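Number of protein chains: 2
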Amino acid sequence: MFHRPKPPRTAAPFPRRRQLQRSTIRCMPVTMKDIARDLGVSVVTISKVLRNHDDISEETRKRVLARVKELNYRPNLAARGLVTGHTYLIGLVVPDLLHPFFAEVAKSLSRVLLKKGYYLIISSSEEDEELEAREIDQLLGRSLDALVIASSCLTRDILRGIEEHGTPYVLIDRRFAGTPANYVGVDDEAVGVLATEHLIEMGCRRIAHLRGPENSPGVERLKGYRDTMAKHNLPILPNYVSEQRTVDVQSRESGAESMRQLLALKPRPDGVFCYNDPMAMGAINSILESGLKVPEDIAVIGSGNIHYAPLLRVPLSSIDQHTEEIGERAARLALALVEAKTPPRPKSIVLQPSLVVRASSSKTRIKPRTQEK
Amino acid sequence: MFHRPKPPRTAAPFPRRRQLQRSTIRCMPVTMKDIARDLGVSVVTISKVLRNHDDISEETRKRVLARVKELNYRPNLAARGLVTGHTYLIGLVVPDLLHPFFAEVAKSLSRVLLKKGYYLIISSSEEDEELEAREIDQLLGRSLDALVIASSCLTRDILRGIEEHGTPYVLIDRRFAGTPANYVGVDDEAVGVLATEHLIEMGCRRIAHLRGPENSPGVERLKGYRDTMAKHNLPILPNYVSEQRTVDVQSRESGAESMRQLLALKPRPDGVFCYNDPMAMGAINSILESGLKVPEDIAVIGSGNIHYAPLLRVPLSSIDQHTEEIGERAARLALALVEAKTPPRPKSIVLQPSLVVRASSSKTRIKPRTQEK
DNA sequence: CGTGTTAACGTTAACGATAACTTTAAAGCC
DNA sequence: GGCTTTAAAGTTATCGTTAACGTTAACACG
Numbered sequence: 374m375f376h377r378p379k380p381p382r383t384a385a386p387f388p389r390r391r392q393l394q395r396s397t398i399r400c401m402p403v404t405m406k407d408i409a410r411d412l413g414v415s416v417v418t419i420s421k422v423l424r425n426h427d428d429i430s431e432e433t434r435k436r437v438l439a440r441v442k443e444l445n446y447r448p449n450l451a452a453r454g455l456v457t458g459h460t461y462l463i464g465l466v467v468p469d470l471l472h473p474f475f476a477e478v479a480k481s482l483s484r485v486l487l488k489k490g491y492y493l494i495i496s497s498s499e500e501d502e503e504l505e506a507r508e509i510d511q512l513l514g515r516s517l518d519a520l521v522i523a524s525s526c527l528t529r530d531i532l533r534g535i536e537e538h539g540t541p542y543v544l545i546d547r548r549f550a551g552t553p554a555n556y557v558g559v560d561d562e563a564v565g566v567l568a569t570e571h572l573i574e575m576g577c578r579r580i581a582h583l584r585g586p587e588n589s590p591g592v593e594r595l596k597g598y599r600d601t602m603a604k605h606n607l608p609i610l611p612n613y614v615s616e617q618r619t620v621d622v623q624s625r626e627s628g629a630e631s632m633r634q635l636l637a638l639k640p641r642p643d644g645v646f647c648y649n650d651p652m653a654m655g656a657i658n659s660i661l662e663s664g665l666k667v668p669e670d671i672a673v674i675g676s677g678n679i680h681y682a683p684l685l686r687v688p689l690s691s692i693d694q695h696t697e698e699i700g701e702r703a704a705r706l707a708l709a710l711v712e713a714k715t716p717p718r719p720k721s722i723v724l725q726p727s728l729v730v731r732a733s734s735s736k737t738r739i740k741p742r743t744q745e746k
Numbered sequence: 374m375f376h377r378p379k380p381p382r383t384a385a386p387f388p389r390r391r392q393l394q395r396s397t398i399r400c401m402p403v404t405m406k407d408i409a410r411d412l413g414v415s416v417v418t419i420s421k422v423l424r425n426h427d428d429i430s431e432e433t434r435k436r437v438l439a440r441v442k443e444l445n446y447r448p449n450l451a452a453r454g455l456v457t458g459h460t461y462l463i464g465l466v467v468p469d470l471l472h473p474f475f476a477e478v479a480k481s482l483s484r485v486l487l488k489k490g491y492y493l494i495i496s497s498s499e500e501d502e503e504l505e506a507r508e509i510d511q512l513l514g515r516s517l518d519a520l521v522i523a524s525s526c527l528t529r530d531i532l533r534g535i536e537e538h539g540t541p542y543v544l545i546d547r548r549f550a551g552t553p554a555n556y557v558g559v560d561d562e563a564v565g566v567l568a569t570e571h572l573i574e575m576g577c578r579r580i581a582h583l584r585g586p587e588n589s590p591g592v593e594r595l596k597g598y599r600d601t602m603a604k605h606n607l608p609i610l611p612n613y614v615s616e617q618r619t620v621d622v623q624s625r626e627s628g629a630e631s632m633r634q635l636l637a638l639k640p641r642p643d644g645v646f647c648y649n650d651p652m653a654m655g656a657i658n659s660i661l662e663s664g665l666k667v668p669e670d671i672a673v674i675g676s677g678n679i680h681y682a683p684l685l686r687v688p689l690s691s692i693d694q695h696t697e698e699i700g701e702r703a704a705r706l707a708l709a710l711v712e713a714k715t716p717p718r719p720k721s722i723v724l725q726p727s728l729v730v731r732a733s734s735s736k737t738r739i740k741p742r743t744q745e746k
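Heads up: the sequence lines are chains A and B, in that order. If you're matching positions, the first sequence starts at 374 in the numbering used here and goes up one per residue. If you're matching positions, the second sequence starts at 374 in the numbering used here and goes up one per residue.
Hints are computed from structural coordinates only; laboratory data are not their basis. These figures come from a predicted structure and were not determined experimentally. Among the clues, some could well be false.
[What the hints assert, rightly or not] Quick list of in silico lysine to aspartate or glutamate cross-link-like pairs, EDC-like style, CA-CA up to 16 Å: (1) K488/A with E697/B; (2) K736/B with E574/B; (3) K604/B with E574/B; (4) K480/B with E697/B; (5) K480/B with E697/A; (6) K480/A with E500/B; (7) K480/A with E697/B; (8) K480/A with E697/A; (9) K720/A with E570/A; (10) K488/B with E503/A; (11) K488/A with D501/B; (12) K442/B with D510/A; (13) K489/B with E701/B; (14) K442/B with E537/A; (15) K442/A with E669/B; (16) K480/B with E499/A; (17) K480/B with D501/A; (18) K442/A with D510/B; (19) K596/A with E626/A; (20) K488/B with E499/A; (21) K736/A with E616/A; (22) K736/A with E669/A; (23) K442/B with E669/A; (24) K421/B with E432/B; (25) K604/B with E616/B; (26) K736/B with E669/B; (27) K442/A with D411/A; (28) K488/B with D411/A; (29) K442/A with D530/B; (30) K488/A with E503/B; (31) K596/A with D560/A; (32) K480/A with D501/B.
[To be verified] Now the in silico label distances, taken between C-beta atoms and shown as ranges: (33) E698/A with E502/B: 41 to 51 Å; (34) L444/A with V416/B: 49 to 59 Å; (35) E697/A with A637/B: 53 to 63 Å.
[What the hints assert, rightly or not] Below, a sample of chain A positions facing chain B; criterion: calculated Cβ distance under 8 Å: (36) N449; (37) L450; (38) L471; (39) P473; (40) A476.
The C-beta atom is built at its ideal place from N, Cα and C for all residues, glycine as well.
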């Protein structure tokens with residue numbers, strides 16, 4: 374199937390003109406030219422048939438379609454995109470596919486896009502800034518119709534590059550202050566408020582926070598936490614907000630490490646709100662390792678409501694960020710951008726988070742607000 | 374940035390020839406033509422500079438590079454691929470990105486490929502046969518250099534289509550009997566053997582199996598299970614192998630449902646080997662719901678060793694399938710195919726699985742073979 | 001009969017880029 | 001000086017496909 378010197382597909386082959394010598398000798402898929410030669414018509418005729426142009430006689434159409442099927446012809450979408458300026462391709466950049474939040478977003482994005490005939494290509498940056506820049510370059514180079522970015526390490530420079538390139542884009546999860554851009558995400562301050570309010574309601578008084586990185590929704594979640602503590606006249610004790618120095622910010626390991634530091638403090642916290650669920654899982658691990666109990670000694674709540682949260686050693690309370698809806702909204706927004714004749718004003722969609730109570734924070738016998746299977 | 378009627382970028386613009394009217398009026402990224410016009414040289418010169426051709430004077434090179442940077446030019450990779458027949462694009466088709474196995478494979482695949490300058494595009498079929506066919510069509514249409522397929526619902530027809538199209542491909546996780554193809558996966562019979570042997574060693578005698586779907590590695594795992602039971606002269610009681618009628622075969626729900634049926638049997642099993650970890654998680658849920666204990670009443674072992682297996686309500690024993698290595702090997706194999714001048718003979722890489730013992734199967738006080746944090 | 005319409009194609013240029021030659025001018029050599 | 005050589009470009013054709021327009025023949029109509 375590799376070095377297949379294109380055989381004449383017709384009885385009397387036209388003398389082919391000088392054939393470009395390809396650098397790598399490789400496969401040669403069937404093209405419209407082959408079919409045209411076979412049938413003794415022009416390529417345009419084939420093209421018209423395939424695009425359901427009404428310019429073609431029923432007979433020709435049938436002959437073409439028959440041959441197309443027979444040869445298992447597939448249009449070269451790259452070539453088509455080159456001419457039409459429309460690839461029906463939408464790119465998604467995420468920091469980590471192993472993080473269920475992003476996998477779920479990808480899933481719902483894809484579902485909506487496919488319905489409209491668009492196709493999602495996913496790219497994971499592994500939380501690496503340089504790699505992410507490369508991947509975005511790649512994606513822009515493929516001339517996508519739009520780009521959806523859920524990045525943990527997007528720089529303003531890169532964003533400017535995208536803007537200049539002219540590809541419309543939607544940010545999700547993390548927004549850029551100052552730059553008006555299309556954005557879909559959850560109200561992160563509300564996340565902080567909800568979580569903190571809940572812990573307070575459960576009777577916690579010394580509430581700590583494992584924060585997210587500087588350039589992340591973690592900043593607003595932190596604000597929500599601080600404001601709520603202030604509102605209830607509860608002090609935030611020294612070092613009760615973890616420093617985020619770890620590189621691998623999303624991980625359980627960083628949660629575990631930060632929690633260990635918290636445990637060494639006096640007085641020890643009786644509740645912890647974590648930036649996300651993996652960190653909460655790590656935190657719970659550290660607490661259990663130290664011989665304490667969750668939630669009796671320390672209540673824990675995360676954010677993201679990852680799908681296996683109910684199945685953990687200590688079923689994890691979490692703030693649901695409506696991942697699926699984020700994906701759907703982002704998809705619809707992206708499609709709107711693609712189909713717009715002129716660039717619409719940037720639109721910001723902010724969803725309200727909701728609380729999901731499970732064992733990790735059910736300290737008192739208050740009935741949980743949300744029921745879980 | 375959208376309807377930008379391409380402005381003359383030079384002082385004395387050449388009268389542009391009839392401009393193609395694009396159907397959708399959209400952005401217009403910078404092209405080599407723009408730079409060439411600016412600098413008063415031909416596009417070929419630009420192309421040569423960008424490809425480090427030694428045909429260019431130092432001065433011109435500098436001028437070109439400066440302008441390239443200034444305009445933030447990005448080569449159109451689709452156009453380039455059209456001419457060179459080499460896209461540096463490798464596609465991956467997985468049934469479900471939420472399943473950590475596939476996300477992990479994607480991760481390690483991507484890591485290896487990026488090092489070699491190749492770029493991975495991921496596509497998830499959501500376990501839907503029709504959708505998968507569409508996605509593969511899409512990918513083939515984009516003229517990838519190679520395709521890696523981890524499919525749960527690949528048909529022989531689709532495979533033939535890929536073959537005819539000429540794109541080299543590597544199957545992972547699931548192989549096709551009868552068709553010799555490039556393949557990377559784990560020794561699935563050994564998975565069944567390892568799991569079953571372990572349960573027997575733990576003292577189980579009435580061991581059941583939640584099997585995977587018909588066209589999946591589940592078949593070989595079942596065989597391993599059967600053979601091992603036979604080897605130890607243990608009977609497989611009636612209905613001890615779950616029927617797989619559920620659509621959503623990979624899911625916890627199907628595991629939970631099958632387990633409920635097993636629990637109704639008399640005598641009840643004292644050990645269960647599950648096709649994969651999500652099913653095992655579902656099974657454990659059902660067991661606990663019924664008031665029984667894991668592993669005391671029923672030991673459970675899964676396969677895949679998903680990363681959060683140690684953190685589950687009952688930390689899950691599992692057979693490790695060396696996911697990362699599968700990804701790496703598949704990447705290397707794919708690269709070999711791309712770079713081969715002639716199609717090499719299909720190669721089959723089969724890895725040996727290993728046992729990871731955690732609480733869900735530590736029935737007796739035998740020291741676990743593998744230690745886990 | 002000439003003009004206009006229409007159905008069913010075909011021609012040409014273009015998309016953005018590269019491969020393989022050609023050209024041009026300066027330099028090198030005897 | 002006349003010749004070859006070489007450096008540094010430029011020309012042309014091509015990748016697979018589509019948009020815009022051109023052509024042709026048949027037929028209708030007044």
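So, going through the hints one by one against the coordinates:
no., hint, in the structure
1, K488/A with E697/B, "violated (33 Å)"
2, K736/B with E574/B, "holds (10 Å)"
3, K604/B with E574/B, "holds (13 Å)"
4, K480/B with E697/B, "holds (8 Å)"
5, K480/B with E697/A, "violated (23 Å)"
6, K480/A with E500/B, "holds (12 Å)"
7, K480/A with E697/B, "violated (23 Å)"
8, K480/A with E697/A, "holds (8 Å)"
9, K720/A with E570/A, "violated (30 Å)"
10, K488/B with E503/A, "holds (13 Å)"
11, K488/A with D501/B, "holds (14 Å)"
12, K442/B with D510/A, "holds (13 Å)"
13, K489/B with E701/B, "holds (12 Å)"
14, K442/B with E537/A, "holds (12 Å)"
15, K442/A with E669/B, "violated (59 Å)"
16, K480/B with E499/A, "holds (8 Å)"
17, K480/B with D501/A, "holds (13 Å)"
18, K442/A with D510/B, "holds (13 Å)"
19, K596/A with E626/A, "violated (24 Å)"
20, K488/B with E499/A, "holds (14 Å)"
21, K736/A with E616/A, "violated (26 Å)"
22, K736/A with E669/A, "holds (6 Å)"
23, K442/B with E669/A, "violated (59 Å)"
24, K421/B with E432/B, "holds (14 Å)"
25, K604/B with E616/B, "violated (23 Å)"
26, K736/B with E669/B, "holds (6 Å)"
27, K442/A with D411/A, "holds (13 Å)"
28, K488/B with D411/A, "violated (43 Å)"
29, K442/A with D530/B, "holds (13 Å)"
30, K488/A with E503/B, "holds (13 Å)"
31, K596/A with D560/A, "holds (12 Å)"
32, K480/A with D501/B, "holds (13 Å)"
33, E698/A with E502/B: 41 to 51 Å, "violated (27 Å)"
34, L444/A with V416/B: 49 to 59 Å, "violated (34 Å)"
35, E697/A with A637/B: 53 to 63 Å, "violated (34 Å)"
36, N449, "holds (6 Å)"
37, L450, "holds (4 Å)"
38, L471, "holds (5 Å)"
39, P473, "holds (6 Å)"
40, A476, "holds (5 Å)"
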